[in-house]
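For reference, each letter of the sequence shown is one residue, going 0 to 303 in numbering that gives the first Met the number 0.
A hint or two may mislead.
[Said to hold, decoys possible] The calculated lysine-lysine pairs, modelled on BS3-like cross-linking and capped at a C-alpha distance of 25 angstroms, are:
hint, residue 1, residue 2
1, K118, K203
2, K203, K227
3, K90, K172
4, K204, K240
5, K172, K185
6, K87, K65
7, K65, K77
8, K227, K185
9, K118, K87
10, K77, K87
11, K118, K204
12, K217, K240
13, K185, K203
14, K77, K91
15, K204, K185
16, K172, K91
17, K203, K240
18, K217, K185
19, K118, K185
20, K227, K217
21, K203, K217
22, K217, K172
23, K65, K91
24, K90, K77
25, K227, K204
Treat the hints as calculated values from the structure; they're not laboratory data.
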Amino acid sequence: MLAVRKVRRKLRMGTICSPSPSGTKTLEVCNADWMASLPPLLHNVPLSNLAIPGSHDSFSYWVDEKSPVGPDQTPAIKRLARISLVKKLMKKWSVTQNLTFREQLDAGIRYFDLRVSSKPGDADQEIYFIHGLFGIRVWDGLMEIDSFLTQHPQEIVFLDFNHFYAMDEAHHKRLILRIQEAFGNKLCSACSVESMTLQTLWEKKCQVLIFYHCPFYKQYPFLWPGKKIPAPWANTTSVRKLILFLETTLSERSPHGSFHVSQAILTPRVKTIARGLVGGLKNTLVHSKDWNGLRPPLLNQEGS
């Protein structure tokens, strides 16, 4: 969900007291309540027409290099990962965020891209976030998000569970139970996308929309089908191709019946990783000259 200039101009940001790198307390702009701070004219606009900031592989601010390689990896990678150095290198390409869930929420992120898996040999059927290597327990992440929402009752989040690995029916039932336990009455039942506005959600005291890309969504009213939030993927390392793809898919999005995710991300290929093996994802793609040179025009796109 891409930031849009005309929405950003209307935000009224408050301030909070937070520690600076030197350890002293300073006042700085806070995005933790940006939805609550939107002007009244936007309160009854469908959420699908608002630009909502999101993050990719939102949970991957920490992955455990001591854990087994995830089931999302190929057999060849799993064999190579028996060498300890390989896992250290994998970590450099698996971590796509440097902020925790809470820090992302405080910064204004409201859409979270989530991939989950069971862990080999885990007898209690716990579910973990995953991106090459295993991350934190899903339960811990959900509780962190719920804590923020309790403190900020007018903020709404989108949790997009779009990849599941090594999960049978029992695992899904456990995960869905965890979601229920974490958010309770904050969960928003699936309904018409056009009826979803800030005002309607505030009146119902609902704060969480769960998108579940698996047929199990049919059994639970608070799970939205994955087709309600398509996220077309450019799958390119070219910034120019990415921007063209985003402009095209945004213009072609369905005007009714669903949300839409603009994935403004570059995807490394095998040769990309081979060239920047030691540098990792951050140094190879995120800090690339082409990407940094073209980000401002991308973020200044007008649209809905």
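> Any hints this thing doesn't respect? Which numbers, in order?
Replying inline: Per hint list: 1, 3, 4, 11, 12, 16, 17, 19 violated.
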